[in-house]
Structures are given as C-alpha cells and as structure tokens.
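With chain A held as given, fit chain B onto it using these hints.
Chains as they are written, first to last, in the numbering used here: chain A, 24 to 356; chain B, 24 to 356.
Rather than coming from a laboratory, the hints here were simulated on the basis of the structure.
Since this is a predicted model, take the numbers as computed values, not measurements.
Don't take each hint at face value.
Stated by the list, open to error - Ranges of calculated distance between the beta carbons of each label pair, as one might list FRET restraints: (1) A:F132 with B:E342: 47 to 53 Å; (2) A:K221 with B:D233: 38 to 44 Å; (3) B:K348 with A:I275: 54 to 60 Å; (4) A:E203 with B:K63: 31 to 37 Å; (5) A:A293 with B:G200: 25 to 31 Å; (6) B:K292 with A:G188: 35 to 41 Å; (7) B:K348 with A:E353: 49 to 55 Å; (8) A:A293 with B:D233: 23 to 29 Å; (9) B:K272 with A:D87: 42 to 48 Å; (10) A:G227 with B:K272: 28 to 34 Å; (11) A:D34 with B:E202: 16 to 22 Å; (12) B:E203 with A:E111: 34 to 40 Å.
From the three backbone atoms N, C-alpha and C, an ideal C-beta is built for every residue, glycine too.
There are 2 protein chains.
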Amino acid sequence: MKIIVDAMGGDHAPGEVVLGAVNAAKELGINIVLVGNEEKIKLYLDEQDPRIEIVNAQEVIGNDEPPVMAVRTKKNASIPKGLRLLKEGYGKAMVSAGSTGALMAGGLFTLGRFEGIERPAIATMFPTRKKPALLLDIGANSECKPKNLAQFAVMGSIYYREIMGVESPKVGLLNIGVEEEKGNSLVKTAYGMLKELKNINFCGNVEPRDFFDGNFDVVVCDGFTGNIFLKTVEGLGFFLLDQLKDEIKRNITYALGALLIKPVFNAVKAKMDYSEYGGAMFLGLDGILVKCHGSSDQKAIFNGIKVAKKFVENDILFELKEAIKEIEGEIKC
Amino acid sequence: MKIIVDAMGGDHAPGEVVLGAVNAAKELGINIVLVGNEEKIKLYLDEQDPRIEIVNAQEVIGNDEPPVMAVRTKKNASIPKGLRLLKEGYGKAMVSAGSTGALMAGGLFTLGRFEGIERPAIATMFPTRKKPALLLDIGANSECKPKNLAQFAVMGSIYYREIMGVESPKVGLLNIGVEEEKGNSLVKTAYGMLKELKNINFCGNVEPRDFFDGNFDVVVCDGFTGNIFLKTVEGLGFFLLDQLKDEIKRNITYALGALLIKPVFNAVKAKMDYSEYGGAMFLGLDGILVKCHGSSDQKAIFNGIKVAKKFVENDILFELKEAIKEIEGEIKC
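Bound conformation, chain A alone (with noise of 0.2 Å):
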C-alpha cells in the first residue's frame, strides 16, 4: 500500500513529517510518497530507503493563505500535487498536517464529494472519561442543513466502528439541554431525523459540559458550533495550564510540589492530545485524506498514517458510500 504524504504541512515541517513518515514506513510495513521539497526532505532521509520516494512539489501553501483562491493559483504547491496523485490513484490515502481550508478547498476540487454528499465533514477524535468521542463537523461547513447532520452521524457511525472496533457507537446530537424540543431550529429537525434513521444508534442530544463523561461516542453538529467547542476547548486548555505556570512561579514550595507531580501533568496533557487519534478525518470526499494538527510532531504524523492505513484496509470509504446510498430515501430534506 503506497499513503501520500504532504511533507511541507504544519510547524514542523518537513522534518518531523519527513521522520514520521519514515517511522510509519517501517513499522507498518507501507510505501510512501513525499510530496514536496526535494532537497530540503533529503536532508532528513538517511539512506535510501526502497519504501520512500519523493515527488519535487516546490511551492507550499501557507495557513494564513485564502484558501480556494491558494489552490487554484498554487497548482504545484504539495496539497494541490499531493490531490491530483491521490485522484490519479498513485496513492491510496493522503495525510497532511498543512492549511485545513487548503486541503477542503482542493479536497473538494480535486477529489470531489461521493454520491448523495452535499456536504463533507471535518470529524476528529477528543478525549474523555472513558473512550475517545468522535465530533463532526468540526469546522467544514459553517451553515448545515438537518440533512447534512444525519449524513454526519452516519459517516462517524461507520468511521467509529471501523477504526475504534465499536459494533453500535452511540451518536448524539451536540445540544444546549438533553430535551428533545431544545436548541435552535436546526437540532430541533435534526433531531427527528436522527431517530427516524435505522442505521445509527442515535441516543439524543447531549450538552458539551456532558460531552466529556464519554457516554457518547459519535457527536454531530454544524461546522460552526462544532469549530467553537474545538476552540473553546483548546483556548480553555492553555489558558488554565498558564494559570497553574502563574501560580506555581509564586514560591518555591509551589515549584518544588510542582516538580514532583511534573508526571501528573504529563500524563494528563498526554491524554488531552488529540494527535494520539490520529488527526482529522475529511469524510464525504471522494478519497482518504486525513489532516493532522498543525503542530504534529513525528508520532502526531505517524498516528495519523496509521488511521489512513487502516481506512484503506476496512475499504472504509466503500461503507460510507453504500451507507449513504441507503439513507438517502430515508432522509426527507
């Protein structure tokens, strides 16, 4: 199985792609297509491994870039390169850790939606009491329709099974109160539709500040809603830890404590990342690509192969395509 990867997305690049990369080849027994800076990947190639190979993508594409317009005019940049060998078929999944409006944008340009999508999904994994909960849509679209949720719940449904081993993942609808006449107008017809679907276990709404009780495991909601609990999560997370850096610098008692339970929050930080499930997943597109955090390190991009290998093992995006297929009468717009 050959994975592109995007050896120019995120921080840390190409380096800690580059090593990840070479990691996942490696131990999961893969082949690799880097698709970017020649020299630059070279220097954090040691020898020359059969497993890897390089095409030269000279231009890159920057976050702060618009998106759309970045993929049109950046033909050759690696997100834009890396797509069309996706779509030629040269590789069966692409990762990158790059501009997540780039790879949408040229996911939807160069791969397309699958029949029945009108809308593809950003879904990725958070943390919880118990097992990970996966949450769509994360930031794809800012204006969903109740359709486009009960595609949601039905792509997590598979993603989550396949990839977590769940048989019936239990799918929630993110709300303001457990109710069912809750909400704004658009999780109030979602919710009808939902339960109305045979192939989901759809077991209600469920507020953010139960969300982490991790009594669901696939959460759906618009793009807009679902970028602001993934940001407020996120700004909270740093925001707290820096207040506990404040108070502990206040006396040496506090450093000392601190130091002994440095574990503890290593631990605890370690179980926040995100980059452990393996990034996000652009469900809906006519093709396997996972995004992973900006800020990936070499396991973060490992992690992250990984998910792309097992999707193209399970043919999960075959299942997601039936699945659609088959609600599409059941869903009434």
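Using the frame of chain A, we list chain B on its own:
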C-alpha cells in the same frame, strides 16, 4: 434601597442564600426582602434584623420543571412572587440562584421587555488572562437575528462600562475566524451591523481560543453558541480537574507534590469561579434581575446582590433603555 432575594433558589438554599443576604444587608447598607418559606428562612436568621424582611412563599420551582408551565401554575412560588414584588416597585432589583428558565419566562411574563427590545439576553463574566470579559447571550435565545446581536453589543457595553469602570469597552463578535467574511450568515450580517454602530467600540471577530487572552471586554453571540461555549468551559474544566486528581492518586510522591501546590489549585479555581463577578444578568427585561449560579454559596449571593445594587445606583436600566432607543434608527433589520 430594598433588594428582593429569592431565598429558595439554588442548591444551597435557603441557608447560604439567607446568610449571603444578611451579610449584604449589613455590609452594603441595604434592605433585603427574602421571598420563600418563612419557617425555613428563620432557621438561618439570628435575631430580629430591621433590614431583613420575609415575604412568605410556600412553593418552589425546581430546575427540572418546564419553566413556562411552572411560572404559570406555581404563581406563589418564590420566583413569580418575587418578580411581582419587583414589578410593583416593592424592591429595586431581584436576585435569584433558581431556575434560569423560570427566571427568564417569569421575567418576560411579569416584567416584560423594555421598548425596542425583541430578545432579552443573559450576560455573564468569564475570567481571562487580563480583565474579566462579558459574554452574551449565554442561553436565553436559541435563535437570533443580527439585530439582536447588535442590541446585545450595545447593552453589554453599557453594563461593562458601569460595572467594570471601563470607558469604552472593546466589543467582539464570537466567531470561528477573525476575518470579516468568516462564519455563518448570522455573524456575517451582524458583523456589518456592529461596525456601523456609533456608540460601541467594535473591534472585530474573536475566536473562542483567543477569548481567554482578554483583549475583548464584551463578546456577543446567539444564545445557542453562547450556551455551547459556557457548557464546554464547565465541562472541560471539571474533566481536566478530574484527570489531574486521578493521576495524583497513582502514587505517594504525586500526593505529596499535590499537597504542596494545593494553594495553587485553589487560586486557579478561585480565579475561574465566576460567582466572583456577581452571576448573570438579564439584559433587556424591564427590571433588574440577577441570576446567581445554582451552586452559589453565601459569597456568590453576596456578590450578586452587590452587582444588583450597583445596577440600581448607576441607573443602568435607564441607560440601557436610552441606548436602545438611540440605535433604533441605525439598525436596519
């Protein structure tokens, strides 16, 4: 000045509520009307205090009761009774740690909105790296129009100025990106409206992860988004704390370290404690109604009463009404 206090609202009522009210009467030099079960209230009153008066209300509205139904059927519960006293002018403001829904429903029913207001909002302070920031609406309106957000911005600015003493509070729009074109149709239209408003200091979009930097004083959003934000903060806060506790239990060194830095945790918890800032305020109702957190202790009740007093003294309600009248011509629906 006489302030009405719902003695029966909150998890620690009536004990903590009565104690907080007694302190407020003493320290703030005001009179208090305690509304609730007279017998139970008297258990917490030491002596005959001329500044404390009890108005008997046998019934209580629980947090789990459907709010609209509850305020209609339990007319003599502490919330509806207190609101009627407020409406009749028996007190200048009301403070309650009871059901938010019942307070909103009862507030709309008994006090009504003031002129020009379509949707009252609930506003509350959050800690940040700098000064606390006011977020509204945190849950009164699941569905909002751009005009509502403009009114929230104006009301929030006045509230922040008067309570925090900041001449020209920086107003932000909660969004999933900083660029003007980001977000759903609601925030995109609201952005255009906010930047035209002359009597606020609009500074653009703010992402939840930057919210905690404290570069904005007043942040507006629809009640669905605000409630998602609020509950994510609560949920993640407790989750992180539990994770730390679990890890600390793993060995004796950690336990010792944790003991040494206990004051650090307490300091951070105190900073995160929004009861510090006097609870949440219903803005847009034709009366001064402060909602304290359900888990309020006497200090939180005291702070709620203190904010209510400031609201009365600074004649903030009058200012809100004038400002809403003023912008009426500026806002195009």
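Tell me if the beta carbons of G227 of chain A and K272 of chain B are separated by a distance inside 28 to 34 Å. Since G227 of chain A and K272 of chain B have Cβ atoms about 33 Å apart, the given range 28 to 34 Å holds.
16 to 22 Å was suggested as the range; check whether the CB atoms of D34 of chain A and E202 of chain B agree with it. Given a distance of about 21 Å, which is inside 16 to 22 Å, the answer is holds.
Hint says 23 to 29 Å; check whether the CB-CB distance for A293 of chain A and D233 of chain B agrees. The hinted range 23 to 29 Å holds for A293 of chain A and D233 of chain B, with Cβ atoms some 25 Å apart.
Note whether the CB distance of F132 of chain A and E342 of chain B lies within 47 to 53 Å or breaks it. 52 Å, holds
Does the Cβ-Cβ separation between K272 of chain B and D87 of chain A fall within 42 to 48 Å? 44 Å, holds
Does the beta carbon distance between E203 of chain B and E111 of chain A stay inside 34 to 40 Å, or does it fall outside? Given range 34 to 40 Å: holds, Cβ gap about 38 Å.
Look at the Cβ atoms of E203 of chain A and K63 of chain B and judge whether their distance stays inside 31 to 37 Å. Roughly 35 Å apart at Cβ, these two residues keep to the hinted range, so it holds.
Taking the CB of K292 of chain B and the CB of G188 of chain A, does the distance hold inside 35 to 41 Å? 38 Å, holds
Note whether the CB distance of K348 of chain B and E353 of chain A lies within 49 to 55 Å or breaks it. Check passed, 51 Å falls within 49 to 55 Å.
Could you tell me whether the CB distance from K348 of chain B to I275 of chain A stays inside 54 to 60 Å? Check passed, 58 Å falls within 54 to 60 Å.
Are A293 of chain A and G200 of chain B spaced within 25 to 31 Å by their CB atoms? 29 Å, holds
K221 of chain A versus D233 of chain B beta-carbon gap, inside 38 to 44 Å or not: 43 Å, holds
Checked against the numbered hints above, the structure violates none of them.
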